[in-house]
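Asks: As they're listed, the protein sequences go chains Y and L. What the first sequence shows, in the working numbering, is residues 1 to 331, in sequence order. What the second sequence shows, in the working numbering, is residues 1 to 331, in sequence order.
Since the hints were made in silico from the structure, they are not lab data. Because the structure is a prediction, the values reported are computed rather than measured. By construction, the Cβ of each residue, glycine as well, lies at the ideal position given by its N, Cα and C atoms. Among the hints, a few may not be true.
Derived DEER-like restraints, expressed as beta-carbon distance ranges [to be verified]: (1) L/253 with Y/281: 31 to 39 angstroms; (2) Y/253 with L/63: 41 to 49 angstroms; (3) Y/173 with L/142: 27 to 35 angstroms.
Okay, derived cross-link-like pairs now, DSBU-like style, lysine-lysine, Cα gap no bigger than 35 angstroms in a straight line [said to hold, decoys possible]: (4) Y/176 with L/183; (5) L/176 with Y/219; (6) L/176 with Y/176; (7) L/176 with Y/110; (8) L/219 with Y/176.
Covered stretches of chain L (chain Y as the covering partner; in silico rule of three or more C-beta atoms under 8 angstroms from a C-beta of chain Y) [stated by the list, open to error]: (9) 162-172; (10) 207-221; (11) 261-268.
Protein chains: 2
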Amino acid sequence: MQALSLSPPLLTSPPRSLRRKSSNTFRAPRMDRHARISSQFAPLLHRDLALELASLMESRLGSDLLPSSVPDNVRSFQNQSGTSFGSLDIRYGAPGSSVDFLLESWLHCKVPTGAIDITTLLVYQNDSTDAPHFNLEFIQAGPTSLVLLLDLIPRRDLSFCPDYIDTFYQGTNVDKPRQDLEKLPQVVPYRSPSLYIRSIWSPTAILVSINCGEGGATKMEEIIKGTVASAAKEVLGIWLERCFGTGTGTEMGEEEREYMIRRDRVVKSKSIEIDLSANLPRLFDPDLANRVIAEIQKACASHTWCVMSSAQLDTRLLFHITLAATRRKYY
Amino acid sequence: MQALSLSPPLLTSPPRSLRRKSSNTFRAPRMDRHARISSQFAPLLHRDLALELASLMESRLGSDLLPSSVPDNVRSFQNQSGTSFGSLDIRYGAPGSSVDFLLESWLHCKVPTGAIDITTLLVYQNDSTDAPHFNLEFIQAGPTSLVLLLDLIPRRDLSFCPDYIDTFYQGTNVDKPRQDLEKLPQVVPYRSPSLYIRSIWSPTAILVSINCGEGGATKMEEIIKGTVASAAKEVLGIWLERCFGTGTGTEMGEEEREYMIRRDRVVKSKSIEIDLSANLPRLFDPDLANRVIAEIQKACASHTWCVMSSAQLDTRLLFHITLAATRRKYY
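If we strip away everything but chain Y, and leave its shape as in the complex, we get (with noise of 0.2 angstroms):
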């Protein structure tokens, strides 16, 4: 399959902020990545995509990621019967870094209909940053169906942040990809079924579904190739450029720091047990789709922490369950 030309204005050269960092920039194993996930998986549009994505971001995040950090049997496995695969790689940032960590997840699945192929790929920032997060998602369901969730999560409430909305969204013009996919009549709005993966989204997400309809495999292609590339490399592009890096936030005192963090927290607890907890071990044999997700709470337990609601919770309260959290884990 003919590679993606990716090239959009805003990743010819490398902004700025991150130009002096690539002096020191420790190469990101973009052949290792294309040769593992090509060898394991199937030629699919979306993921010569998703790889070109990752490849670009590794290499632009250079010296802020540590080595992969997940063993063998996560980052290559598959179920008894070898009819579902996947490979998943998470990097914690280095140290001084705002990457709190990258994911990547390749999944292959045979479901009753057929198969549906899921590739994700996040980066989560610390709290050396308000900046959003970035996350992109491609579900496909045969040739002809793709939903693509792609955004810069917000980590501020944003009714109440006007400012942070027109920092990362106003300002940076992300709304416009969004406009034009959204003018295809192919595409519809997605809506995920739990309504709080729907609360974390911001106003510019771009949340799809794509149905070509049959005999529709060539418009599909066209599509990705075209409007979907584009607007993930847009979307990447303004997270690198304007996201990513701890000089990029909105000034923060110490306690909307420590609103955000134990914020963070329940977003990336709350979005794995609904989204991998409740579905992996459906696609894959329990004991490994356990593996598989242990390392995913590894990372997301980081800081280590306990979902309980909020509204039972006093902030000096929950100040003091921070610092003890810190030595005892009971996530």
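Given the structure of chain Y, go ahead and fit chain L onto it with the hints provided.
Replies: Same frame as chain Y, now just chain L:
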């Protein structure tokens, strides 16, 4: 025009929590509103529905509402040429009620392409509860085009408060009317051009544009009388049953309450700034628009506030500002 028949299951008998109040109910001036609006505006199906919902709401809220707070030249106004006219009414909550204020607005405006009719029905609650506000807005630009914005506006940061979602949105099944409406082929999602406005809604908000195309006036009437009326009645029923009243909210600590109060103020102030303050002067003479806006600002500033960047504010500083603001109005 025939009155709409409004008898959804949730509205046929008063909910238990409300029966107590009906013994000393202050009877709302239903006929007064009907007569006033009917004499001022040409018949319009969405307006008939809103009239019935407003009367229903007012009669249920009963003694929770004080009499109208606006002067006669705001309750009924028109521009100099007599081509655009409107009516605004605001009734504050009585002492001890959870109602902050009920706002209803009826507008008919001549525009270059014809006319636009905008009908709004809002109930904001005060800090005795954290249960959602109620929002209904119709924007009709001709007999075949209608925008509907219908929601229980959340008062917590939903990404941080999964329990709040469970209580008011999952547990009430309020997503069902949205699903029903979005199944219609004439319905497409409506997105506010303002990213801030997009951020205030719940994950079950009905934000749709209904377009019946040329010659589709009869179809539009059918949709308004059918699915739209059902959805509006169901959401209002859920609000009256599960959100209205001081006993319906979740438990809050003092700092959580402070945060909610400040959040509410930003939502109210920004909504007005973006919606009414920007648009009314374009639809009416400036003096008239300012008079109407002043009444709405009074309602929204009833706890006095100035909107500033939350990112610039430390929580403790905010608390002192709140105290000071009770004496010095600088909204």
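Asks: Under the constraints set out in the numbered hints, which ones does this structure not fulfil?
Replies: 10
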